[in-house]
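K.L.:
Could you fit the two chains together into a complex? Lean on the hints.
Residue numbers (my numbering), protein chains in the order written: chain A, 47 to 490; chain B, 102 to 263.
Please keep in mind that the hints were generated in silico from the structure rather than gathered at the bench.
Some hints here could point you the wrong way.
Stated by the list, open to error - Straight line, CA to CA, 27 Å or less: simulated DSSO-like cross-link-like pairs of lysine-lysine:
#1 171/B <-> 370/A
#2 309/A <-> 273/A
#3 149/B <-> 261/B
#4 370/A <-> 309/A
#5 273/A <-> 149/B
#6 166/A <-> 126/A
#7 261/B <-> 273/A
#8 178/B <-> 227/A
#9 452/A <-> 149/B
#10 245/A <-> 452/A
#11 377/A <-> 405/A
#12 245/A <-> 273/A
#13 261/B <-> 227/A
#14 316/A <-> 261/B
#15 233/A <-> 459/A
#16 308/A <-> 227/A
#17 171/B <-> 316/A
As the list claims (entries may be wrong) - Derived contacts from chain A toward chain B, CB cut-off under 7 Å, selection only:
#18 300
#19 315
#20 397
#21 401
Note that the structure is predicted; figures quoted are calculated from it, not measured.
Glycine residues also receive a C-beta, built at the ideal position from the N, C-alpha and C atoms.
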Amino acid sequence: MFRILNVAFFIILLLTTKANSLIEIDITRGNLDPLPIAVSPLFQDNNSKNEIKIENIGSEISSVVENNLKTSGLFNPLSKEAFLQKPDIAHLKPRFEDWALINAQALITGKVTIENKKLKVEFRLWDILAGREMMALAFTTVPSNWRRVGHIISDKVYERLTGEKGYFDTRIIYVSEEGPKTARVKKLAIMDQDGFNTKYLTLGNELVLTPRFNPTSQMVTYLSYFKNLPRVYLLDIETGTQEVVGDFPGMTFAPRFSPDGKKIIMSFAKDGNSDIYTMDLENRIVERITNHPSIDTSPSYSPDNKFITFNSDRSGFQQIYVMKSDGSNVKRISFGKGLYGTPVWSPRGDLIAFTKLHKGKFYIGVMRTDGSGERLLTENYYQEAPSWSPNGRVLIFYRETKSNDKGEGFSAKLWSIDLTGYNERQVATETDASDPSWSSLLTN
Amino acid sequence: MNFSKSFRNTFLVILLSLIVSACATKKTTTQVEGQMQGDVYTGTDTVKYLADGVPDRVFFATNESILTTKSRDTLRKQANWLRENSSINVVVEGHADERGTREYNLALGERRANAAKDYLITYGISADRISVISYGKERPVDSGSNPLSWSKNRRSVTVKAN
Chain A
47 MFRILNVAFF IILLLTTKAN SLIEIDITRG NLDPLPIAVS PLFQDNNSKN EIKIENIGSE
107 ISSVVENNLK TSGLFNPLSK EAFLQKPDIA HLKPRFEDWA LINAQALITG KVTIENKKLK
167 VEFRLWDILA GREMMALAFT TVPSNWRRVG HIISDKVYER LTGEKGYFDT RIIYVSEEGP
227 KTARVKKLAI MDQDGFNTKY LTLGNELVLT PRFNPTSQMV TYLSYFKNLP RVYLLDIETG
287 TQEVVGDFPG MTFAPRFSPD GKKIIMSFAK DGNSDIYTMD LENRIVERIT NHPSIDTSPS
347 YSPDNKFITF NSDRSGFQQI YVMKSDGSNV KRISFGKGLY GTPVWSPRGD LIAFTKLHKG
407 KFYIGVMRTD GSGERLLTEN YYQEAPSWSP NGRVLIFYRE TKSNDKGEGF SAKLWSIDLT
467 GYNERQVATE TDASDPSWSS LLTN
Chain B
102 MNFSKSFRNT FLVILLSLIV SACATKKTTT QVEGQMQGDV YTGTDTVKYL ADGVPDRVFF
162 ATNESILTTK SRDTLRKQAN WLRENSSINV VVEGHADERG TREYNLALGE RRANAAKDYL
222 ITYGISADRI SVISYGKERP VDSGSNPLSW SKNRRSVTVK AN
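Just chain B, same shape as in the assembly (with noise of 0.2 Å):
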């Protein structure tokens, strides 16, 4: 079930590499090749930074809140940061993709945003600088309607809340 997953995901990777290196004759080839491992996003091209070398963001797979390697990777950057800025509070935004039912989705935002807010504290950042928000399906950064806009959506992003 697993290796089928994966593998259909890997496929999904390949595919997306092909349709777009067909047609990437004018725009840059690099823009898409490598951006998603399995259906998680892995590329940079909506990041923000909370500060220098700190993303303010991390991906997730459909339907799924478990943060990958890479995504705590990126909130134990964000909680050393935090640490060093004490005064800083901060909100951390759940998101899913267009492809589901909206109440589901705003209790998955929900769910997302809590995975990255517990890493957090995991990490030593106190409960109460971290206050949490879903918007579901309603605030997607990416407008397209294919798998790899889907997984620049499906995301939580740490925000300074002042």
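Chain A extracted, bound-state conformation (with noise of 0.2 Å):
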């Protein structure tokens, strides 16, 4: 039944009937009638209850599951009480009717053991509407990895239903902000998707600012001031070492990677005039892209890394504009009223996301690359700065609330929005948070 395949660490093996379902997902557009979905708890071979520390570990891998797909706006996770049917017996073999009964569409069931101190993990998911499995899967890895194997089943599910890659075996960088406004204290942080296992990457000695994920490996790009000087870091999230890679005789910011993951981009500022400068991390050497009297910043690539995004003063106001990625065929691309900020090129290729100021408000909202199609998805008193989940269905960005006179009543949060407009939701941190950063996925 399941077909065994060693990939790197984890160990998945995959068979799947290529039988036409009557489910799928339509999610180009805001989806107000989520799909029903029962998660049943993975069951536990009673044989390996007595390796594992994890109480329930079965139960807690299908909450993992149950939470990112309720997250998503496009799945409902029916009750677990309303279930009928035991967790194993449902994993042999479901029993449609009882499944349909509570209107269940989809059913994903599962199975845990532990062997030689090594997680198994198999599901599978069911058509029950058609009466058939879908997919079925399994695992190998160590037991801690356990929230790992729930956020790969999800991403498995997603990818079944709605034919395109999922984003939630992926992690976010961010800046955790704590204290008073006149004196914020700034940390990078790492989370899973999910707001879990969260690690503090920096000490708050110095203030860092806009870490970004190199879209091929576990680097990160960020700025710092560390002694006083601002400037772009390179800093390995696995090993924690950190370099400076903008040491020019000004101050480095706003660095991105290129998708390939063999560029970093950021703006260099010298004597009141900000530019936009490559450099390459095998060989370091530096291009100047842009040489403009204003302020050139905020640069973002194509995933085809053939032209580059970037936010430019030189109307006058900011605005954004698109250009090759040697620099020439300069063309604006914002018209509409009001300023245009941090335009960041979406992974699927097709549109820019970017922050628009207009009146005393502050608006997420994309448009097509030639600036086409703009459209506002979220309004608010502050937010800026989003970022792509690795497929191109949702942004995640920080938004900040309005404080009294004294000061008092000021925050930063995580917002995650779908590009359709719905699913605003915030995104849990320990403290307050900004900056996010979306990883690509940990593992296809």
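P.N.:
Here it is in structure tokens:
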């Protein structure tokens, strides 16, 4: 039933019946009618119960899956109290009538075994209406990776039912904020996409801003005020190694990786003028991309590396521009009312997300790469800096609240919203948070 | 365009004065009146001094790095003082208010700090005595979310480096 394949430290085994299913989800528009899905707790082999410290690991994994699917806004996980069939029996062969009775259209079942201190998880996705199995998968890993197993199951289910890659087995790097507004302490922090496993990567001794993931590795680039010299740094989040990459005679800031992970693109400010530069990480060759007396900042590559979108006030005010990646063919693309900033190219290539300021309000929006089709997704007192989920369906950004005249009532939190403009929700963080950046999928 | 902008700014100042004077029976009425011109801060309550009679900071209009008449006056005082104290070097810090995107504000702070630095240089201070650093919107001096607070935060501050 389950075929076994070895993939790195994860052993992913896969066999799927290719039958056409009756259920599919259209994620291209706001989903007001999420798919009713039953996530049966993964049952645990009695023999292996003694070997593991985490109690009820099977239902813990299913809770991770349930929470992911619910947060996506595309699924409606049904209450477990209504389930009629026991997890172990359902995993062998569900009584489809029972699940149809509680209006489930899809069902996830699974089994957990511990062998030689390895965690083995099998799961199956069932199409209730068609009465058949849609997918069967198994993983083997170390038990401490159990949350990631939940995320990978979520991604597989999402992909099977929407036809697009998921974004659950991912992490968010952000800036943790504490203390009064006039003396904020900021640290780099990283967490799983669902807010678990938070780790702090810096101590808060120096100001740090705008961390961004390398799309191809576990590297991060960010701005640090170490020794009061604002410079772009590179951090390996596995080893903790840090190095300065933008050590120019002035401030380097607004760093971002190229999609192939080989270059950092950033702003360099000197004598009151900010221009855009790239640095090749292999040979450290620096190239100047823009040369204009205005402010040029917030650069972001198109996924094919051929174009760069950036923010410039060369028209007199902050607007969004697109150019070829050698700096030629500069074209302004934002022409609506107000100011535009923080352009960031979608990993799908078709859209640019941005922040817009108009009449004292801040908006997160998207437009096509020629500037047409502008769509504002959310309006607030203050919000900025959208970052795309790796599948280009969700944006994460940060939002600040207004303080009173004494500075009270101020907060900074992470929020996410679907590209459709629906499903806006706060992303829980241990502290106040800003400048989120979404990683690529950790496994495919 | 300019007319309507300055009209709007004047209106803001009047409105602010009204709001404040309306609730100022307990506080000192003079605290806000006349503290902004256009949307540039003209008061003194956050200003510190490099030396007697030499203010440490100048203020800017929203999204601007142009020095006002008063700013130039302050910077000339700083230049005089720096000439008399030639062993002292300074750092000019550039700051922005919270109503802008972080990265643009970093660039704007750098532009403001350099506007002040350039003016000091034209008044005879050697460029190698002045370094600049931008904090963007990261180090507000006033934590309020209102036009007066923002005007105090749009500033460059000259601090002794040694």
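K.L.:
Indicate, hint by hint, whether the structure satisfies it.
P.N.:
Hints, verified against the model:
In summary, the hint linking residue 171/B to residue 370/A is not supported, as the alpha carbons are separated by about 43 Å, beyond the 27 Å threshold. The hinted pair formed by residue 309/A and residue 273/A meets the criterion: a straight-line CA distance of about 25 Å does not exceed 27 Å. A threshold of 27 Å between alpha carbons decides the hint, and for residue 149/B with residue 261/B the separation of about 12 Å falls inside it, so the pair holds. For the suggested pair residue 370/A and residue 309/A, the alpha carbons sit about 15 Å apart, so the restraint of at most 27 Å is met.
Note on residue 273/A and residue 149/B: the hinted pairing holds, with a Cα-Cα distance of about 24 Å set against a maximum of 27 Å. With a C-alpha separation of about 23 Å, the suggested pair residue 166/A and residue 126/A falls inside the 27 Å cut-off, and the hint holds. Between residue 261/B and residue 273/A, the direct Cα distance comes to roughly 16 Å. Compliance with the 27 Å bound is thereby established for this hinted pair. At roughly 31 Å between alpha-carbon atoms, residue 178/B and residue 227/A are farther apart than 27 Å, so this suggested pair is violated.
Taken as a hint, the residue 452/A and residue 149/B pair is honoured in the structure, with Cα atoms around 20 Å apart against an allowance of 27 Å. For a cut-off of 27 Å, the pair hint linking residue 245/A to residue 452/A is broken: about 32 Å separates their Cα positions. As the CA atoms of residue 377/A and residue 405/A are separated by approximately 25 Å, the hinted pair is consistent with the 27 Å bound. With a CA separation close to 24 Å, the supplied pair residue 245/A and residue 273/A stays within the 27 Å bound.
Among the hinted pairs, residue 261/B with residue 227/A is consistent with the structure: their alpha-carbon atoms are about 24 Å apart, no more than 27 Å. Annotation: proposed proximity of residue 316/A to residue 261/B holds, straight-line Cα distance about 21 Å (limit 27 Å). For the hint pairing residue 233/A with residue 459/A, the CA-to-CA distance comes to about 14 Å; that is within 27 Å, so the pair holds. A hinted pair counts as satisfied when its Cα atoms are at most 27 Å apart, and residue 308/A with residue 227/A does not qualify at roughly 36 Å.
Only pairs whose Cα atoms come within 27 Å are accepted, and residue 171/B paired with residue 316/A is accepted, the gap being roughly 26 Å. Because the beta carbon of residue 300/A sits about 4 Å from the nearest beta carbon in chain B, less than 7 Å, this interface hint is met. Evaluation of the residue 315/A hint against chain B yields a held restraint, the C-beta minimum of about 4 Å falling below 7 Å. Interface hint status for residue 397/A: violated, as the beta-carbon distance to the closest one in chain B is roughly 19 Å, over 7 Å.
For residue 401/A, the interface hint holds, the least distance from its beta-carbon to any beta-carbon of chain B being 5 Å, beneath 7 Å.
Figure legend: structure checked against the earlier numbered hints; hints not met, in rising order: 1, 8, 10, 16 and 20.
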